[in-house]
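Each chain is listed here by its residues.
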Amino acid sequence: MNHEKRVYNDIFEMLPNEENPSPMVRINRTGLSPEFRLFAKLEWLNPFGSVKDRAAWEMLRDLEERKELGNGRGIVEPTSGNTGISLAAMARTRGYHMRAVVPNKVPLEKKVLLKIAGADLDVISDELCPAPGLGDGSINLAKTHAKASRDRYAMPNQYENDKNVEAHFRTTGPEIWRQTDGQVTHLFVSLGTCGTVVGTSKFLRSKNPNVKVIAVQPTEGHDVPGLRNVTQLGVSKLFDSSLIDDILEVDFRLAYTRALELCQTEGLLAGPSSGLIYEGAREIIMRDKVGLGVMIFADNIFKYTSNMMKHIPGLAAGTQA
Amino acid sequence: MGNYSHPEVLVSTDWVQENLGKPGIKLVEIDVDTKAYDAGHIAGAVGFNWQTQLQDQVRRDIISKEAFEKLAGGAGISPSDTVVVYGDNNNWFAAYGFWLFKIYGHQDVRLMNGGRVKWLNEANKLLTTDKVSPQPVAYKAGPVNMELRAFVPQVLEASKSASFNLVDVRSPDEFTGKVIAPPGMTETAQRGGHIPGAKSIPWSTAVAPDGSFKPADELRAIYIDQKGVDPKKDTIAYCRIGERSSHTWFVLKYLLGLDKVKNYDGSWTEYGNLVAAPIEKA
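Residue numbers (my numbering), protein chains in the order written: chain F, 45 to 365; chain E, 7 to 288.
Source of the hints: derived by calculation from the structure; they are not laboratory data. Don't take each hint at face value.
[Unchecked claim] Below 20 Å or equal to it, Euclidean Cα-Cα: the simulated EDC-like pairs (lysine to aspartate or glutamate) are:
no., chain 1, residue 1, chain 2, residue 2
1, F, 191, E, 193
2, F, 149, E, 20
3, F, 191, E, 87
4, F, 333, F, 323
[Unchecked claim] Across the chosen pairs, the derived CB separations fall in these ranges:
no., chain 1, residue 1, chain 2, residue 2, range
5, F, 350, E, 30, 32 to 42 Å
6, E, 23, F, 137, 16 to 26 Å
7, F, 286, E, 130, 27 to 37 Å
8, F, 356, E, 82, 51 to 61 Å
9, E, 159, F, 313, 53 to 63 Å
10, E, 238, F, 159, 55 to 65 Å
11, F, 281, E, 130, 48 to 58 Å
12, E, 72, F, 354, 17 to 27 Å
13, E, 137, F, 159, 51 to 61 Å
14, E, 130, F, 227, 33 to 43 Å
15, F, 350, E, 167, 42 to 52 Å
16, E, 282, F, 361, 24 to 34 Å
17, E, 196, F, 153, 46 to 56 Å
Every residue, glycine too, gets a C-beta built ideally from N, C-alpha and C.
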């Protein structure tokens with residue numbers, strides 16, 4: 045392993061940590077406040093393509109250390125895509141099978157990527173007027189596999205697994221602290237399992253209790269894969285509101301228009317959840333004027349071309365002869 | 007259990023566990039998506055698919071008496087058996103199955119409180135993928151009880167007269183007409199809104215955070231004191247396709263003990279398509 049020359053013996057050596065952080069790139073064209081420096085942390089440059097590499101690796105290693113895997117026992121996990129892609133690629137490389145349970149509204153690109161990564165796929169409808177707090181269909185189906193077929197499946201369960209939080213406390217937080225020379229004042233994140241916000245916030249607050257943590261969430265009834273509106277957060281046992289200063293609700297359609305803007309003005313091929321965070325960061329910059337903010341950009345736009353076509357009028361035009 | 011009017015039709019997950027495999031007790035899991043049953047079910051439970059096995063596959067209707075007899079008999083159920091139903095989506099489809107068993111005169115049918123989600127989340131409850139091969143029996147349905155079912159003429163009458171409770175159990179956005187159906191649903195209607203005179207009491211009002219029913223005093227406070235359901239009147243519950251309203255039908259009839267409660271299974275996908283039928287919005 046040589047981070048300087050970037051030569052590695054296997055793909056796992058590329059996983060991010062303080063010595064090998066995911067890059068941070070400054071956003072230069074917000075046009076809002078020159079006293080507020082804003083950076084995007086590009087998590088799609090992790091080896092399996094998203095921020096979920098961190099939690100997936102921590103959870104997988106934990107299962108391996110507890111000897112929960114092997115001898116025909118693989119993994120089952122509910123996922124909106126990224127955790128599943130990371131887990132499937134890691135699991136298959138290490139010789140375990142993987143079943144991913146995904147909600148139907150997950151973009152086709154992600155479903156196909158899960159299969160390419162080697163996962164068996166269960167696609168289910170999660171949209172049937174669920175009652176708040178009762179868990180959703182994909183989580184329950186994954187739990188069913190884990191309970192009924194214990195000899196076949198271990199379930200990391202990213203919504204309840206402390207290793208999801210630990211991954212960010214151990215890597216994302218220290219990386220940001222070091223990359224900003226301890227100058228970070230604002231952290232901008234989105235909410236899904238809440239592992240990123242809880243782990244990173246805990247670390248940064250341990251270094252500087254004044255770091256502001258801003259969570260950006262889409263409006264209810266949204267169509268931004270991987271994210272949860274606060275009314276849907278009951279499914280995550282990791283959510284801890286004491287670690288968050290502000291929760292901003294942003295019209296979910298702005299996730300798509302801001303993602304397009306990031307591509308075309310900053311050259312950052314960021315996905316819609318990043319667009320949503322960028323919109324939230326803009327609101328806070330206008331409020332606070334001064335600071336050094338870091339946005340966690342979970343993944344890139346490549347997995348969302350079908351969703352982009354759905355939400356950006358005109359994008360599909362002229363794509364056929 | 008919970009001071010309900012008819013506690014005998016509700017069993018707990020613990021009761022089911024204690025009675026697993028006992029003769030005369032038949033477990034039936036009823037799901038809209040049978041992936042859940044295939045992935046794991048309670049030992050000995052047969053699985054019914056709500057869409058393909060409880061609905062007539064040609065005309066829009068519940069299955070016929072003959073088809074019900076074939077289904078029940080094929081699942082090894084005798085008329086004298088205690089049938090315990092449970093299922094996905096908080097027992098909506100199981101409640102629909104319960105309603106169907108009652109329409110076709112099955113004496114002893116019970117609902118497992120909390121459905122499969124409650125069982126799933128209890129550490130001491132097991133699931134299996136073992137296939138069930140029941141010994142088919144000849145099932146003869148009892149007297150058919152269509153009093154449990156509402157059709158359009160009764161619904162229109164209920165809407166016009168003040169002598170009925172009409173209970174709309176859909177989400178608030180469906181009630182106001184902001185949406186016609188929850189996102190992604192294929193069964194829909196030409197118009198959004200609700201039946202004039204209906205009270206909006208979403209089905210989930212009746213359940214606790216673990217998916218089981220709230221106790222009777224809480225249910226009574228909600229349905230009767232707060233929402234104004236008059237226990238002396240006949241009641242019709244409806245939703246979009248008749249499954250969520252089966253859940254509320256069960257609450258009103260068996261947990262609160264209202265005398266005459268019907269499930270309007272045609273629900274909004276029928277009413278919202280009727281030409282010239284009155285509709286209220288907001």
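Exercise for review: Would you list, in rising numerical order, the hints stated earlier that this structure does not obey?
Suggested key: Of the numbered hints given earlier, those the structure breaks are 1, 2, 3, 5, 6, 11, 12, 13, 14, 16 and 17, listed in rising order.
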